[in-house]
Structures are given as C-alpha cells and as structure tokens.
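A.B. asks: Put chain G on the given structure of chain H with help from the hints.
Chains as they are written, first to last, in my numbering: chain H, 898 to 1411; chain G, 898 to 1411.
Quick caveat, the hints were computed from the structure, so don't treat them as lab data. Check before you lean on any hint, since a few could be wrong.
Listed below are the simulated DSSO-like cross-link pairs for lysine-lysine, each with C-alpha atoms no more than 30 angstroms apart in a straight line [claimed, not checked]: (1) LYS1357/H to LYS1326/G; (2) LYS1348/G to LYS1151/G; (3) LYS933/G to LYS1357/H; (4) LYS1151/H to LYS933/G; (5) LYS1326/G to LYS933/G; (6) LYS1326/H to LYS933/H; (7) LYS1348/G to LYS933/H; (8) LYS1151/G to LYS1326/H; (9) LYS1326/G to LYS933/H; (10) LYS1151/G to LYS933/H; (11) LYS1357/G to LYS1151/G; (12) LYS1357/H to LYS1151/H; (13) LYS1348/H to LYS1151/H; (14) LYS933/G to LYS1348/H.
Estimated spans, in silico, between C-beta atoms of each pair [unchecked claim]: (15) LYS1326/G to ASN1225/H: 44 to 54 angstroms; (16) ASP1363/H to ASN1179/G: 47 to 57 angstroms; (17) SER1356/G to PHE1191/H: 53 to 63 angstroms; (18) PRO1178/G to ALA1078/H: 31 to 41 angstroms; (19) ASN1005/H to SER1074/G: 18 to 28 angstroms; (20) HIS1000/G to ASN1005/H: 38 to 48 angstroms; (21) GLY1403/H to GLN1045/G: 48 to 58 angstroms; (22) GLN1045/H to SER1356/G: 30 to 40 angstroms; (23) ALA1262/G to GLU1249/H: 27 to 37 angstroms.
Keep in mind that this is a model prediction, so the values were computed, not measured. Every residue, glycine too, gets a C-beta built ideally from N, C-alpha and C.
2 protein chains.
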Amino acid sequence: MNGAQSLIQTLVNGRVDVCFTNPGTSEMHFVAAVDKVEGMRTVLCLFEGVCSGAADGYSRMTGRPASTLLHLGPGLGNALANVHNTRRAHVPLINIVGEHARHHLEHNAPLTTDIEAIAWPVSDWVRTIGDPMTVAEDAADAIAAAQQPPGQVATLILPGDCAWNESSAPAPGPAVSRPPAVEDTQIRQIADVLRRGEPCVLLMAGPGLLESSLHSAGRIADVTGARLFSDRPIQRWQRGAGRVPIQRIPYPVKDAVAALDGTTHMILVGTVPPVAFFGYPNTPSLLAPDSCQFHTLATLEEDIPAALAMLADELTAPPEPSTLSKLNRPDLPTGELIPDKIWATIAALMPEEAILTNEAITSAAGYDRYMDGGPPHDMLTLNGGSIGEGLPLTLGASIACPDRKVINAQADGSAMYTVQTLWSLAREKCDTVTVLFNNRAYRILQGEMLKVEADGGGSKSQAMLDLGNPVIDWVHIAQGMGVNAWRATTAEEFNTQFAAAVQTPGPHLIDAVI
Amino acid sequence: MNGAQSLIQTLVNGRVDVCFTNPGTSEMHFVAAVDKVEGMRTVLCLFEGVCSGAADGYSRMTGRPASTLLHLGPGLGNALANVHNTRRAHVPLINIVGEHARHHLEHNAPLTTDIEAIAWPVSDWVRTIGDPMTVAEDAADAIAAAQQPPGQVATLILPGDCAWNESSAPAPGPAVSRPPAVEDTQIRQIADVLRRGEPCVLLMAGPGLLESSLHSAGRIADVTGARLFSDRPIQRWQRGAGRVPIQRIPYPVKDAVAALDGTTHMILVGTVPPVAFFGYPNTPSLLAPDSCQFHTLATLEEDIPAALAMLADELTAPPEPSTLSKLNRPDLPTGELIPDKIWATIAALMPEEAILTNEAITSAAGYDRYMDGGPPHDMLTLNGGSIGEGLPLTLGASIACPDRKVINAQADGSAMYTVQTLWSLAREKCDTVTVLFNNRAYRILQGEMLKVEADGGGSKSQAMLDLGNPVIDWVHIAQGMGVNAWRATTAEEFNTQFAAAVQTPGPHLIDAVI
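Next up, chain H with everything else stripped away, as it sits in the complex (with noise of 0.2 angstroms):
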C-alpha cells in the first residue's frame, strides 16, 4: 500500500469521506488512490476557492470534516480566502496540499514555495509529512486537530514520493472530541445576572442558532425578559415556522449601536463582545454600550446546546418556549422586480427543510422580513467575511444534504469570484437553484463609500464600484456550464420561474435583474 493509499483509506476511516478537489501532478498519486480504496467521494472543482468554500459548506451541514485536495503552494492560496471564512466558521476542515518530491525541493523548480508558510495565517494545525512510513499517523493526527471543539482547519502537506513509496498499514480514526459541558457554577452566575431584572441580551452564535439551542433561549427569555440576537456572521442558523424567533444585530454601525441602545448585560453564547465589521472614521468598533457588561455563557469550545437548557432550567424556565415563528407564507408578488419581491416569493414557494445560503449582501434585507413566517429551513452566511463564498457554500451544502434543496440567495459581485462553482453545480446535478440578485454594481461599496467619509463622487471612483460596463449576462454564463438558467424582469415571471425550480430537480440559475 503507497503511501496515498494509506492516507485515504485513514481519512475515510476517520468518516472524512468527501474530498473536493482541484489536483496537479504532484497529487497524481493520491487521484490514483481514490479507486484503490473504497470510500471516498471525489467532488472535482475548477477553482480552488471552490474546493474550500465547498468543504465549509459540507462541515457545517454535517458536524464532519470534508477535505480538499490542492495543487502545492499556489493551490493553496487559491483556496485561501475561503480556507479563512471556514476558520472564522469554526468548522472542521482538512486540506491535502501537495508538495514536490523530497528530493526536488532543493532545486527550487518554478512552483516551489514555503508551502508551511502560506497555510499557517488561515489553519490551526499545520503538517509537512516527513517520510512515507508516517502517512497514516500524521493523517489521523490532522483528523483529530480538525475535529478539536468546535471545530479546527488543519492542512497536511504531502510530498509526491511520500504519495508514491511503500507506506505502513491505515490508522483508525481518531475518536471524536465531545465539547465539554459548562460548568454548574457558571450557569448559576449567568442565572443570577439575569434574575436581576436589568436590561439584558443574548447574543448567540455557532450552535447557538440551532433549533434546540434557540428553544432554550426563548424559555430564557420568557422568564427573564433577556432579548435574543444573533451574531453577524451565521453559521448554521435553524429558522422559520416553529422556532423561536431572534433578531439579527444590523450591519451598519449606528443601527447596531440603536438596536443595543440601553444593554447593561450582555450574555455571550458561543461569541465574544460584537463588533462593528469595519472601522470607520469617527465610529466606534465596539457596538454595545461602554458601560455593558460581558458574561460568556458558554464559548464556541464549550456544549452549547446543553448550556442553554441548563440555564433555562436553573432559572425554572416552562418547558416550552411562548413565542415560536408561525407559517405565514406572503401572497405572490407581483409587478416590478425589487429584492424585498424576491425574497416574499422564496418565502411562498420554498419547501420544507430547505437549506438557504445567503450571500445577498445588500439585497438580504427581505429574508429578515420573511423567513420567520417561511417553513423551517437552515441559513448559512459566509464568516470570514470574504466574498465568494455564497456558490461554494451551496455546492457543499448540497453535497451534504442531497434530499435538501438548497436555495443560493447570491449578488452579483460576489458570485463572480468563484463563477466556477456552477460547472461543478452541473456535474454534480445538485438540486440547487442560485437566485442572482442581479443589481450591476458592487452596491455595497457605494454604501461604504459614504461611512468612510471619503468624497467618492468621482467618474473613476464610481466606475470602480460599476458592474454595468459591460453587462454580465448570467444566463450565458451559467448555461455556459451546464447549469439551467432563466432571466427574469418582472415579479411575475420570477414567480414563474422559482417555482419551476424548485419543482424541477437538478442546479438552475434565476438571473433576477433588479
């Protein structure tokens, strides 16, 4: 057994069993491997981005780690920015990033780099496996370091001969590491925070926004009068019909200051102390009120879920929560096409258990709006905060869930970094449907250029924030990959067109020009 036989076969029995990959020749080996060792999904992506945001997508909707294959150094910084917004996610993740032979790393061929030093700004646990008799171990090592709670992103680097030279037998996987529960003594300080009775907020984030968590929260809040948030940045969010209804704290710095207006204390559940996205002239960075003060109920490390029953129970909270999101799905829209329309037909016509990643950005305001009285679904947002991430994440999603459609709200700028995704969408046949909010500008930075104070009213400056130039025509671009794709103009024919998509099976592409 080579030692790429060795290390697939110890990931799959580790239960890492998908890879999405982008490999080169230094890989070779390992893409030999996959049809010597039963198990492993292979997911081929055009982009490494893809790979990663991809991976990030899978983790959240499984508890798993998937894995990525990439292409030595560049590869990896091709997957970079998305490797980030999976760490900033806290979910587990494993790269296999490829390396030239042992004995050719001296002779500095062209795509040699510092392959170590690229992977360690976005990974927890970084490897360069040393001889081919160490496969299995470092493999099982790096599954244990992803799987560390909450979850971890660990890249193991894998020179060629290491792939290609005799290798020692498979390692088990490692067990799994449970999340530690909290301790009685905490939740009994937290208990006696909010019987107080002063103005309080539960801010929840990670598994704090699964449905049982939020279940918790709202008996909390019946009891204590605690009002519940989310952070920004979502990473597995259960709502809709029959959870407990929470508000999300507001991009822009002065709404979210208004909205914690008169906070004096403030509940972390898997978070820390929020913070404004940017720093911006004149604004502050810290978003609750100075005089709040902090209490980490349970950290992202920490059992979550279990933490918050505690709590409710310690505060001998009534076993079911007053206030649970009732169906109220709107009337069809009709007329001119406008994002908040949009969202009201996703509401009325989105399936059950449908899984929604949403990279709307500055025309996602109308799932606030909705999606309380929508059937229960899972959202996902990207965490890190770079862009691109919204394809990649339903490619992964619907890797994970196969039986779930997966709703792609997605912007335009955005969607262009990772393009790719919608070939492996195709190949895949994923049952996807993106809904392209197509607004022809990067409109959040037209927006930004107002907080920042800068006067960018200027013909290059606004050019700069300009999609427009040409316009980017969706419907060739995704039926230039395989992808089936409809343009829409009015909110009738979106009407139309969503509900022959999420009818039909198979990956469609809505170009909805706003």
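C.D. replies: Frame of chain H; chain G shown alone:
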C-alpha cells in the same frame, strides 16, 4: 492631502501609473483619491488573481511596475498564485493591500488576518504603513524595492486610517536602478571556455530572449558552435522573422535530458542550471549531464544584453549573425481541426508585432513548429507554473501596448481559473483574440499520471481529469462577459474566424473544439 492621495501621487511620480483594482471598504479612500490626483489609470477586475496576472503582463511589456489594489488578507490570498508567477518572472510589481484602520485591528473583526504573513511567501519586500505621515516615504521605498534589478514584488499594506487622515506631501519617484554591467574579466573567462571548442550550450532566460540579446547570441554561436537554448519559463521572447532562432528546453524530462546530452559546458545567461518542473520516480531532477560544467555569464540582476554583446565582441564575431529566421507563413490548413493547424493559421494570419500570450500547454507544440517563420512578435508564458495566468497576461499586455494585437493561446482548464478576465477585456475594449484550445480535459495531467508511474486508469481517477461532463460552452461564457465569440469545429471555420478577429478591433474569443 490625505494619505491615499499622497500615495497615488507618489506612485504617479515614480511612473507607476496603472492600477489593477478589486477594492473593498478598507480601500474606499484610495478609490476616491483616484479622481483627486491626475495620472493614475485604474482597471477594474472582478477577481484579484486577474489583477496580479495583468500587472505581470503589463510590467513585462513596459519594464515598469504596475500596481494592484487588493482588499485585506483574503484579497491578497486570491491574488497570490499570480503574484507568485510574477515573482518568478522577475518583473516589478507593487501590491497595495488595504488593512483595517489601526484602532480597529485589536478587535479581531471577521476579515482580520496577518497580512504580512500572507504576503511574505510571495514578496521580496513587505511593509505595513505605520503612520499617515510616512505614506509617501513608504510608497517611494516600495517603488524602489520593486525596481531593484531585475524586478521584485513589493507589498505595501495601507491601514484605512493612514489613507483617510492628513498626510505629508508626495515623494518624488526614486531613481531607477540600472542593472550593473558584467566585469570584463568575467566576459574573458567565458570567452576562454567557448574557445576550447568543446560541446557548449548557451542557456538564455529573462532579457536574454530580447531581440538584441538573441542577435549577440547568434554571433557567438557562429564563431564557437555553441548551441542556443531558452529556459522553459519565458519572460518575453522576441521571436519570428528577422530574429535569431533558438530552441526551448523540452518539458518532458527525458526529452530535455536528450536535448542537452553531451553538453560539456553550459553558459548561464540570466538563469541557473536547468531543473525538471516536477520530481518523478526514477527520474533525475537535473536536466544537464552530471559532467557538465556551468559558467554564469550574467545573472538576472546584471545587464544581460550588454554582456552578450561584449562576449560576441570579445570573440571577434562578425557584426551580424549568419542565421536569422525568414518569414515563412504556412498555407491555411483545411479539414479536421487539430492544434497544429490552429498554429498554422495563427502563423499565417498574425499581424506584425503582435504579442502572443501562451498558456496553450499540451496544445502548444505547434507554436515552436511555425513561429520562427511567423512575423516578429513577443511571446510570454507563465513563469511560476501556477496555471491561470494566460488571460490576465493578455489583459495586462494589452493595457501596456494598446496599439498591438494580443493573441492569447489558451488551454481550457487553465482559462477557467481566471475566467473573470474576459469581462475586463470587454470593459477596456482591449484588442485581443483568445484562441481557446478546447480539449475538454486537464490533458496535461493525463500525461503526468503516466510519468509519475501512478496506476490511474480507474474511473474515479479519470473523472478528476475530465472537463467534458458537462461540456463547457465557451461561446456562451465569453458572450456572457461581453466578449465577441465564435465556435470553430473545422480548420476552415477557424481560418475565417481568426481572420475576422485579427481585422476587427476589440476582444474576441474563438472556442476551438479540438
């Protein structure tokens, strides 16, 4: 004058007057300043890898650095592969990377990364601006670093508040360092080696492939019998009718070894002893015979054209080389479309002084077959081995030389990495024609699988090298981004389309189905 304005004025003072941009919030003051300062041309790109690859193409054709504008660490990550390629091409590049305002950094907002750590593996010089008052000085240092012979990658990190706060006056452009001349004693030593009449190769790279260098090399070959080779990475090869023809070291290791067999002395001109691109089992990494002695005529840091001229004179070679390529345009081919015929058509119809960006990879053999007999032209390849630079090089070369037709010989798999370039070509109305060699495969990897001796015939392995499921419709993709496009399935169709593309200004793409 704020920091952004001082920065841009300093760049313009240093003749860095083109910026390939993909900005975000932290770069908005830079964007606004482009309208406040005269002389900076901005070219919007929809993905950062387009920015860095285009800057490489621009620098190769002008000898002056282009700049990029990138959004924080992940934006630099997206640019990284083509920054690596630029660095390996040894041409100047200045990356301007936005960073959070200094007061905001400590809050670890989602987009926070260690930008310097991401930059160092692909940069020769990195600096984070520490104070708005030093922006001009830092920018001048970046220009000087980039222009350090032969050309370096300088990455300058600009915190938002250093862009928006009041700054000092712009700095003058630093003096351009000229590459130093090679010592006479060195020239005489090399001449002595050549006079021995032993089997000798001149291996040329960097400016060694410019017309004047080749002219001198031809003179040297005439009087010494030395054979002339180019290294595999090509910065800028001035080839075609009227130039001295030389060979390129073959890519397959066994062919390269055979080509260099029997060489007793290798004279290195802007390069180092040649190495294989990858390490393979049972295959040498070094391409020259073990007994070959290496002698460096000039390093990339030195004045290569002058050194070659001095050497030719030292050898009292006649002033004109005996062998110059003659214009020998082939007949237009007919029938089934294969790569060789495509190259014949290009050689038959290409205008004089075209620029040829060559990322045709496995379809590139016809270039060597026909192009010594083609009209004089400049040919560029990627230098760092990370595919996905052909389209960006085309954009950058066209921005640098708007009066010259740029012909992009482009493989399909590598085109997809930076497919967003097509939009910028349309936006800038570049006079280019992309010949898309569409073989529906990572064809090179099918060959590499054999070379690494992997047993990769299994169906899952082969599927990872196949781009035919679904077939990519390049006409649709190009049209979707505003580029005129045709599909050719016969040589006659290709002839007609290529002739039209050459005669009609503006960007074109021909999907050549081979």
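A.B. asks: Hints first: check each against the structure and report whether it holds.
C.D. replies: Outcome of the hint check:
Between the alpha carbons of LYS1357/H and LYS1326/G the distance comes to roughly 16 angstroms, so the proposed pair stays at or under 30 angstroms and holds. A C-alpha spacing of about 10 angstroms is found between LYS1348/G and LYS1151/G, which places the hinted pair at or below 30 angstroms, so the restraint holds. Between LYS933/G and LYS1357/H the CA atoms are separated by roughly 10 angstroms; this keeps the pair inside 30 angstroms, and the hint holds. Distance check on the hinted pair: LYS1151/H and LYS933/G sit about 29 angstroms apart at the alpha-carbon level, within 30 angstroms; holds.
Between LYS1326/G and LYS933/G the alpha-carbon distance is near 25 angstroms, which keeps this suggested pair within the 30 angstroms criterion. Distance hint between LYS1326/H and LYS933/H is fulfilled; the C-alpha atoms sit about 25 angstroms from each other, no more than 30 angstroms. Using a Cα cut-off of 30 angstroms, the hinted pair LYS1348/G and LYS933/H holds, with the two alpha carbons roughly 19 angstroms apart. With a CA separation close to 42 angstroms, the supplied pair LYS1151/G and LYS1326/H exceeds the 30 angstroms bound.
Taken as a hint, the LYS1326/G and LYS933/H pair is broken in the structure, with Cα atoms around 50 angstroms apart against an allowance of 30 angstroms. Taken as a hint, the LYS1151/G and LYS933/H pair is honoured in the structure, with Cα atoms around 29 angstroms apart against an allowance of 30 angstroms. With a C-alpha separation of about 29 angstroms, the suggested pair LYS1357/G and LYS1151/G falls inside the 30 angstroms cut-off, and the hint holds. With a C-alpha separation of about 29 angstroms, the suggested pair LYS1357/H and LYS1151/H falls inside the 30 angstroms cut-off, and the hint holds.
Between LYS1348/H and LYS1151/H, the direct Cα distance comes to roughly 10 angstroms. Compliance with the 30 angstroms bound is thereby established for this hinted pair. Simply put, LYS933/G and LYS1348/H have alpha-carbon atoms about 19 angstroms apart, close enough for the 30 angstroms limit, and the pair holds. Checking the proposed 44 to 54 angstroms range against LYS1326/G and ASN1225/H shows it holds: the Cβ atoms sit about 51 angstroms from each other. Between ASP1363/H and ASN1179/G the beta carbon distance is about 56 angstroms. The supplied range of 47 to 57 angstroms therefore holds.
Remark: the range hint 53 to 63 angstroms for SER1356/G to PHE1191/H is upheld by a beta-carbon distance near 55 angstroms. For PRO1178/G and ALA1078/H, the hinted distance range of 31 to 41 angstroms is not satisfied, since their beta carbons lie about 51 angstroms from each other. Take ASN1005/H and SER1074/G: their Cβ atoms lie about 24 angstroms apart, and the range 18 to 28 angstroms holds. A hinted range of 38 to 48 angstroms for the beta carbons of HIS1000/G and ASN1005/H is consistent with their spacing of about 42 angstroms.
Checking the proposed 48 to 58 angstroms range against GLY1403/H and GLN1045/G shows it holds: the Cβ atoms sit about 54 angstroms from each other. One distance hint, 30 to 40 angstroms for the beta-carbon pair GLN1045/H and SER1356/G, holds here, with the actual separation near 36 angstroms. For the pair ALA1262/G and GLU1249/H, the supplied restraint of 27 to 37 angstroms is violated, since their beta-carbon distance comes to about 56 angstroms.
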